[in-house]
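Undergrad: For the protein sequence lines, the chains are A and B, in the order given. Count along the first sequence from 1, then add 40; that gives the number in the numbering used here. By the numbering used here, the letter at position 12 of the second sequence is numbered 6, and the numbering carries on one by one without gaps.
Honestly, the hints are just simulated from the structure, not real lab data. Bear in mind the structure is a predicted one, so any value in this text is a computation, not a measurement.
In the DSS-like style, the derived pairs of lysine-lysine whose C-alpha atoms are separated by at most 30 angstroms in a straight line are:
1) K126(A) to K(-2)(B)
2) K23(B) to K336(A)
3) K324(A) to K176(A)
4) K336(A) to K60(B)
5) K61(B) to K282(A)
To spell it out: a stretch of chain B is covered by chain A in this simulated footprint if at least three of its residues, at any positions, have a beta carbon under 8 angstroms from a beta carbon of chain A; those stretches are:
6) 37 to 46
7) 51 to 57
Think of the CB as a built atom: it goes at the ideal place given N, C-alpha and C, for glycine as much as any other residue.
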Amino acid sequence: MRMTIDCTNRKSVIAPELYGSFAEHLGRCIYEGLFVGEDSNIPNKNGMRTDVVEALKELKLPVLRWPGGCFADEYHWRDGIGPKEKRPPMINTHWGGVSDDNSFGTHEFLELCEQLGCEPYITGNLGSGTVEEMSKWIEYMTAEGDSEMTRLRKQNGREAPWKIKYFGVGNENWGCGGNMTAEFYAHQYRRYATYCRNYPGNKLYKVACGPYDDLYSWTETIIPLVKDRCDAISLHCYTWCKSRAREVSAEQYDGLMKRARIIGKFIDGHLDIMNRYDPEHKVKLIVDEWGTWYHKELGSVDGFLYQQSTMADALVAAISFDIFNARCDRISMANIAQTANVLQAAVLTEGERMVKTPTFYAFKLYTGHMGSTLLGSFAENENENISHTASVNENGEVFLTISNTSLDKSYELDATVVGHETKAVNAEIITADRLAYNDFEKPEQVNIKPFDGVKAVHGGLRITLPPCSVVSVKF
Amino acid sequence: MPCKCLLKDGEPLYDTVAAYLAALPEELKADEKTVNMRLAICEKCDCLWDGICRKCGCYVQARAAKKDQRCPHEDRNW
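With these hints in hand, go ahead and build the complete structure from the sequences.
TA: This is how it looks when you write it as structure tokens:
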């Protein structure tokens, strides 16, 4: 099988934000997964679990989306500031109906982002909140000068304003965010976004609620109405599977991989519509919810969306990254759902224990593309079993990731590399049985290992790609 | 505030747990005395919210029923 990597064909920069994450007040993502409180016996810094923070720093997490998700459109930010004992509890009606004591709020989220060294991406409440509420949240976080909101922020212990770039104006407003029609939402967006002000020293990157999957009618309707008032629209695409993660049949596995690949077609469909109204490509696409969605683990609570992550998840992640990378001229961010203990999580926790999932290792393997420039490349059999990305970093190093979803077929790849020498080659691999996973008793069943199946040959590389594998090559 | 109590027969979620327990192979089940001891500890724990263990996200009665399980709390209460 042949492939070509053309290092003279430099395309767009792969934004590091394509490797972002999402943390919602859902199940044990925020509470227990990221935040345990200052008084916990679990090692923490200002309430944030140090093990999880360190793990996410290993991934160079660029951006974290919060507080939802569906939760965002019933979240009232004022309930989550001030002395914790005075914060009113709320019922998380979307997710399990459990009580949330609001001990994790704006200050805590922004503290977490500071510890992680990542950009915050905040989603405002358009579904059940007011224009004033959204407007004042932005003022509270980003304004200098003297006002009721800046006084309140200072009273709560934060003197200087934060820098907030990414701000979503509502979430899934075609569904849990108010069940709006596209036209109604677009008009609401224009109204709310008007009052999402840029205070001195802060410039918001406003994100309008876009469609899910192939809901092209939503894009078609909102784009003409919002394109001059937003920086991006969002897209939600999940890789569904009607099974528990560890019980996926071979047939379901094939369906899972097909579903992961079809997301590229959905994205292209939306971009085609956006291009008609925005030929200068001013408005970007943000895939701010993606990942596998299985049936919950046995015995776990309905509405907590707790699932294991297997080798199949690492492959879904690799396919998804390649889809986003290939469209990095139009996609400015992607956020996997979710960060800890929910859906396709990078880490799972239980009490003081934490385990890094195969998805974690897929993220880690792909960090070499963050901020690099996409290269023109081609592989035979692409979209069947093989998926790949090639990029070059600012030091001129070429980084190739390539995955094989076949359960029984290995591939011999003859890669012609144009415009770059392939003398020194450094390769790594994630490979395991498709249902292999990491748990608290056996935490390193699936991880990254050195790989000797890549050889430098005259004019390129020879790669032996095993079944069910994700490989990276640096040269 | 959430109730520090186990799920009770007659509550909708109790049926979910009962179905899970019924499907659990006998060889995986803890003996009745052990289960009762575990649940008595859980009932005094602040992490018990409306039948759910907030430490692990499981229905407490489901977790306590399995032989090879342990309390997910960092203090290892059982």
